[in-house]
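Chains as they are written, first to last, in full-length UniProt numbering: chain U, 1 to 469; chain H, 1 to 51.
Worth flagging that the hints you see were computed from the coordinates, not collected in a lab.
All figures in this text were calculated on a predicted structure; none of them were measured in a lab.
We put the beta carbon where it would ideally sit given N, CA and C, even for glycine.
Do not take every clue at face value.
[Unchecked claim] Okay, derived cross-link-like pairs now, DSSO-like style, lysine-lysine, Cα gap no bigger than 27 Å in a straight line:
#1 U:Lys459 to U:Lys88
#2 U:Lys88 to U:Lys287
#3 U:Lys45 to H:Lys51
#4 H:Lys51 to U:Lys328
#5 U:Lys324 to U:Lys223
#6 U:Lys88 to U:Lys223
[Said to hold, decoys possible] The calculated label-pair distances, taken between Cβ atoms and stated as ranges, are:
#7 U:Ala295 to H:Phe43: 43 to 53 Å
#8 H:Gly22 to U:Ile248: 36 to 46 Å
#9 H:Lys51 to U:Asn180: 15 to 25 Å
#10 H:Gly32 to U:Gly240: 51 to 61 Å
#11 H:Lys51 to U:Leu356: 11 to 21 Å
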Amino acid sequence: MANDSLLDRSRTIAGPGYNRWLVPPAALAIHLAIGQAYAFSVFNKPLGSLISRDADNPAPDDWTLSQIGLTFSIAIVLLGLSAALFGKWLERVGPRKAMLASSLCFGGGFLIASLGVSMHNIWLVYFGYGFVGGIGLGIGYISPVSTLIKWFPDRKGVATGMAIMGFGGGAMIGSPLATNLMAHFKDSAPQGVAPTLIVMGLIYLLFMQFGVWTIRVPADDWKPAGYVPSTEHNALITTGNVSADNAIKTPQFWLLWIVLLCNVTAGIGVLETASPLIQSVISGTEKGRGMTEPALVAAGAGFVGLLSLFNLLGRFFWSSASDKLGRKVTYAIYFGLGIILYALAPTLSHNAQLALFVVVCCVIISMYGGGFATVPAYLSDLFGKFQVGAIHGRLLTAWSTAAILGHLIVSMLTENAKASGLTGAATYQPVFYTMAGVLILGLLANLAVRPVKEQYYEKGPVTAEAGGH
Amino acid sequence: MHTPPNTSSTAATPNEPAAVGGSAVLAWLYVGIPLAWGVSQTFIKALALFK
Numbered sequence: 001m002a003n004d005s006l007l008d009r010s011r012t013i014a015g016p017g018y019n020r021w022l023v024p025p026a027a028l029a030i031h032l033a034i035g036q037a038y039a040f041s042v043f044n045k046p047l048g049s050l051i052s053r054d055a056d057n058p059a060p061d062d063w064t065l066s067q068i069g070l071t072f073s074i075a076i077v078l079l080g081l082s083a084a085l086f087g088k089w090l091e092r093v094g095p096r097k098a099m100l101a102s103s104l105c106f107g108g109g110f111l112i113a114s115l116g117v118s119m120h121n122i123w124l125v126y127f128g129y130g131f132v133g134g135i136g137l138g139i140g141y142i143s144p145v146s147t148l149i150k151w152f153p154d155r156k157g158v159a160t161g162m163a164i165m166g167f168g169g170g171a172m173i174g175s176p177l178a179t180n181l182m183a184h185f186k187d188s189a190p191q192g193v194a195p196t197l198i199v200m201g202l203i204y205l206l207f208m209q210f211g212v213w214t215i216r217v218p219a220d221d222w223k224p225a226g227y228v229p230s231t232e233h234n235a236l237i238t239t240g241n242v243s244a245d246n247a248i249k250t251p252q253f254w255l256l257w258i259v260l261l262c263n264v265t266a267g268i269g270v271l272e273t274a275s276p277l278i279q280s281v282i283s284g285t286e287k288g289r290g291m292t293e294p295a296l297v298a299a300g301a302g303f304v305g306l307l308s309l310f311n312l313l314g315r316f317f318w319s320s321a322s323d324k325l326g327r328k329v330t331y332a333i334y335f336g337l338g339i340i341l342y343a344l345a346p347t348l349s350h351n352a353q354l355a356l357f358v359v360v361c362c363v364i365i366s367m368y369g370g371g372f373a374t375v376p377a378y379l380s381d382l383f384g385k386f387q388v389g390a391i392h393g394r395l396l397t398a399w400s401t402a403a404i405l406g407h408l409i410v411s412m413l414t415e416n417a418k419a420s421g422l423t424g425a426a427t428y429q430p431v432f433y434t435m436a437g438v439l440i441l442g443l444l445a446n447l448a449v450r451p452v453k454e455q456y457y458e459k460g461p462v463t464a465e466a467g468g469h
Numbered sequence: 001m002h003t004p005p006n007t008s009s010t011a012a013t014p015n016e017p018a019a020v021g022g023s024a025v026l027a028w029l030y031v032g033i034p035l036a037w038g039v040s041q042t043f044i045k046a047l048a049l050f051k
């Protein structure tokens with residue numbers, strides 16, 4: 001059609017011989033970039049000392065840690081909201097236009113935030129990185145999901161696991177990148193933050209273009225060579241298609257919402273306490289008693305790094321395993337094994353059994369990452385691939401809720417524990433026991449998932465413009 | 001009448017370039033190199049735990 005632009009869905013339909021293995025790298029180019037959000041804390045100290053230029057002695061007008069931390073919270077809330085709001089639009093216009101919008105918002109958010117840093121205006125930082133960048137996060141996160149599921153009907157878990165693994169990997173790139181850039185620019189601007197944000201914004205904007213221009217959707221009747229849908233009856237894998245509007249009317253959607261909420265909330269319990277907790281555990285060991293404060297802090301940072309690696313690996317491992325095990329069984333493992341491990345962790349930390357404690361936390365975090373990566377395939381099984389991206393977007397509001405809820409639970413419990421005289425690793429014991437309880441709720445919600453009733457299915461064939469194949 | 005499924009990515013728009021295996025390798029390198037760098041940096045940091 002004459003008015004077709006290069007961004008239109010119709011112009012992204014794959015040509016003959018297109019290799020579907022180009023789609024995961026296209027998705028990864030988006031997720032590796034937006035995953036930087038989880039490395040935002042690397043800016044905490046420099047942003048908190050823009051005036052004093054001394055992180056240990058901030059000036060009265062320097063921004064506080066809670067002021068700076070709000071930027072990340074806004075971004076995560078906007079991630080969930082924009083994923084929910086723009087999901088149907090994404091299904092209609094296709095992944096290329098959505099990825100371009102994501103790259104402009106995410107890269108542009110850095111540039112606006114840089115202006116805010118230069119003017120020392122925190123509201124501009126909130127608007128840039130938090131609001132505009134957060135919209136880029138939400139659209140970018142869901143943009144490749146339904147396309148991957150359509151290209152890989154035989155390996156839905158593997159495909160979405162690869163992309164969502166990228167979100168975990170993004171922080172691993174974003175943190176050292178920001179550190180190196182700030183060190184490079186530290187003489188030309190306060191703490192080197194403003195130019196770092198400009199350079200990172202431009203790098204991410206360009207890096208994401210690879211995904212924008214490589215992504216393709218399959219033709220309507222395309223199937224992988226030799227692919228025969230399983231004839232083995234699995235009632236949880238639907239043969240119908242449910243729209244995003246109908247999906248939210250089903251109990252299955254809300255059960256999965258609770259499942260994601262519980263899995264993420266529990267994971268936050270470990271992530272937020274990891275560094276101080278491991279320092280307390282190490283201090284309780286014979287070797288740890290002789291360690292200096294900086295060595296303990298470095299060990300804490302090392303533990304956080306190790307957890308990031310397992311978060312990344314878990315996304316791919318568990319999501320791929322779910323193709324064989326089934327999604328419901330996989331989530332039952334996350335919750336069943338999780339309850340045991342969360343309940344075990346306080347005892348291990350109390351007895352200073354460092355190696356076992358580290359192993360337990362790594363497995364817990366691998367399942368936290370796995371929960372994110374397995375959910376798109378679970379949704380596709382239950383609701384079909386028609387508007388799975390939009391349904392996924394709406395489900396991500398559970399993530400935003402968990403980000404707030406998890407933080408509140410951890411803060412409240414640790415403050416209460418300190419007020420009641422608990423010290424060291426014991427301070428964090430209530431967090432682990434409470435999160436084990438949260439996982440019981442998640443397990444029950446997962447066990448309650450049943451096939452979606454046919455009354456919610458779309459009648460007749462579904463169209464690409466409406467988000468179908 | 002039953003028609004067999006298309007397994008060769010039929011082009012709806014003939015001007016879309018076809019990708020071959022080499023492109024896929026380059027595409028994976030494009031995302032794999034920064035990811036490997038990030039993972040190695042994190043791994044180095046994590047080693048502090050075992051010192």
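Checked hints:
1. U:Lys459 to U:Lys88: holds (18 Å)
2. U:Lys88 to U:Lys287: violated (56 Å)
3. U:Lys45 to H:Lys51: Holds: Lys45 (chain U) and Lys51 (chain H) sit about 26 Å apart, inside 27 Å.
4. H:Lys51 to U:Lys328: violated (40 Å)
5. U:Lys324 to U:Lys223: Since the Cα atoms of Lys324 (chain U) and Lys223 (chain U) sit roughly 20 Å apart, the hinted pair holds (cutoff 27 Å).
6. U:Lys88 to U:Lys223: Measuring from Cα to Cα gives roughly 24 Å; hence the hint holds.
7. U:Ala295 to H:Phe43: 43 to 53 Å: Violated - the Cβ-Cβ distance for Ala295 (chain U) and Phe43 (chain H), about 19 Å, lies outside 43 to 53 Å.
8. H:Gly22 to U:Ile248: 36 to 46 Å: holds (44 Å)
9. H:Lys51 to U:Asn180: 15 to 25 Å: This hint holds: roughly 23 Å between Cβ atoms.
10. H:Gly32 to U:Gly240: 51 to 61 Å: At 38 Å between Cβs, range violated.
11. H:Lys51 to U:Leu356: 11 to 21 Å: holds (19 Å)
Violated hints, in rising order: 2, 4, 7 and 10; the structure is consistent with all others.
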